[in-house]
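A.B. asks: Generate coordinates for the entire structure from the input sequences, incorporating the hints supplied.
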Amino acid sequence: MTHRVSDAVEIPDPNAVLSVRGLRLRYGDRVVLDRLDLDVREHECVVLLGASGSGKSTLLRAIDLLEDVEDGVIALRGVDVTDPRVDADAVRARLGLVFQAFNLFGHLTVLDNLTLAPRLVHGQDRRTAEQAALAMLERVGLAGREASYPEQLSGGQQQRAAIARALVTSPDLLLLDEVTSALDPALVGEVLDLLADVRASGTTMLVATHELGFARRVADRVCFLHEGRVWEEGPPSIIESPTTAELAAFLGSP
Amino acid sequence: MRHTVRVTHGDQGGWTPSPVARERAAFRAGRRRRSFLLALGSTLVLVVAAVLVVVTSPGWERTRSSFFDLDVATEVLPGLLEGLWLNVRVWVITVVVALLLGLGLAILRTSASPVLFPLRALAAAYVDVFRGLPLLLVLLLVGFGLPSLRLSWLPIDAVYLGTGAIVLTYTAYTAEIFRSGIGAVHPAQLTAARALGLTRWQTTRRVVVPQAVRNTTPALLNTVVSLQKDSGLISILGAVDAIRAAQIEVTGAYNFTPYVVAGVLFLLISIPLTRAVDAYSERRGWGATRPAAGVAR
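Top to bottom, those sequences are chains A and B. The first sequence runs 1 to 254 under this note's numbering. The second sequence runs 1001 to 1297 under this note's numbering.
Heads up, some of the hints might be wrong.
[Claimed, not checked] To give an idea of the chain A side of the interface with chain B (calculated C-beta under 8 Å), a few residues: (1) G22; (2) R35; (3) L66; (4) D71; (5) D83; (6) P84; (7) Q152; (8) E232; (9) E233; (10) G234; (11) I238; (12) T243.
Since the hints were made in silico from the structure, they are not lab data. We put the beta carbon where it would ideally sit given N, CA and C, even for glycine.
C.D. replies: Okay, here's the thing in structure tokens:
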């Protein structure tokens, strides 16, 4: 499982929600992901750690089929979605992605941000979509703000709205790309509390973050990315007692 | 599995494409071939249909002899080329002058100095008037109105007056483009410049204008392209440019081929120019040709 004898891509785990095997991705000459393996199982919360440029964001973007991969397999529930014959829009409709900079649509109210995909992609009528959206806003603590525009909200509120937008379609897997990095420290807590709540509700999550506290508190498993691959992975306790020198150096311990 | 620590050691050696990657590459190559053949096929169908419609029309024989006469075309070509050279010179001069004056006007209109208020008001009035007047009308008024003043120092040559009229109109256009570009520079940039101790003018000159020019380059290049063809409008004043030369030939020969030749000559300049502008924009990342930039599939 750990070492590969040839460059042949291994069979992905059919029981995992997400199963990545031998993923390789390049920007020009720079190899960002180099034969990376990763599994995320049902109801699991996996945290990706790693220095800036270690490929965390790229991995999340590749899983959401926003990047072309050079080699390897990304399987969702056993189906290889990197195959160019697969309808990428249908795959993305089953995934939720939350961005570092929120990426809410500025020309739409919070409610319309939440109902856009349910109505256009999932074919819900306006009433059904709005009911689900209002319930979701209540859950993320934004009840009453549905008519606001993103710029009228604080950063933390915007990010909670963005998380609500990703959750309202009940994705198989929620991808979170450093969702607290653009927030000032006072606002980080409210977003992390929401994520812990989302985690407790059983949503399968893959989280790129610099928040070690969040990893300790919420993660089932921690994966440390280095040189384009999962360098060390294990339970959150590896943050306290890293095995590899690279993870220790990243954590800043002696 | 979940509670075991897995460690991956350093270099696992060189990478060769897996069978999966090779199969995908082959599939993509096949799909590219298919796309190319489809594009080729649909283009052929369209071209053949268009040619058939024109060639089978009842008046085609007459149209061909009066618009596409090769002998007439070769005969008038030297004269038209000479006229086109005038168009090119007028074009280059109007581009340079309209861009410089337009930038100056835009900076003036966005300035805050109270002393400059009358100039700002004047500039606003100028832009309002010349942006709203049809270019043809400006040409006629300048071309026939100014000479009637009989000012001895004013040139009455149609080329100079026509160039002046085009500059008047296009300066108003470019001024508005530059002004929108200046307005689009983020206020934080001004704050940062002033925080460093730069004066208002230094901020405008070193921070705002460079970003405004970059923001508006696609729109300005578009204006440059339309100036190229509008340079032909000076023919209305009697300047012998490519269009006027064609007109003279048409009246002499009772044949419309010179117009077609003039049209082809204009296109020979404007189409490569447009392509060059597109290629430049694409390289700078302003391209409008990538509908889903940032999304691979």
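A.B. asks: Run every hint past the structure and note whether it holds.
C.D. replies: Against the structure, the hints:
Interface hint at G22 of chain A: satisfied, since its Cβ lies 6 Å from the closest Cβ of chain B, which is below the 8 Å cut-off. Given hint, R35 of chain A at the interface with chain B, holds; its Cβ is 7 Å from that chain's nearest Cβ, closer than 8 Å. A cut of 8 Å between beta carbons decides the hint on L66 of chain A: the least distance to chain B is about 5 Å, and the hint holds. Checking D71 of chain A against chain B: minimum C-beta separation of about 4 Å stays under 8 Å; hint holds.
Interface hint status for D83 of chain A: upheld, as the beta-carbon distance to the closest one in chain B is roughly 7 Å, under 8 Å. Because the smallest distance between the Cβ of P84 of chain A and any Cβ of chain B comes to about 6 Å, under 8 Å, the interface hint for this residue holds. For Q152 of chain A, the shortest C-beta to C-beta distance to chain B is roughly 19 Å, which exceeds 8 Å, and the interface hint is violated. Evaluation of the E232 of chain A hint against chain B yields a held restraint, the C-beta minimum of about 5 Å falling below 8 Å.
Interface restraint check: E233 of chain A against chain B, minimum CB-CB distance 5 Å, threshold 8 Å, status holds. Given hint, G234 of chain A at the interface with chain B, holds; its Cβ is 4 Å from that chain's nearest Cβ, closer than 8 Å. Annotation: I238 of chain A was flagged as interfacial toward chain B, and the flag holds, the nearest CB pair being 6 Å apart, inside 8 Å. The interface hint given for T243 of chain A is met, as the beta carbon of that residue sits about 5 Å from the closest beta carbon of chain B, less than 8 Å.
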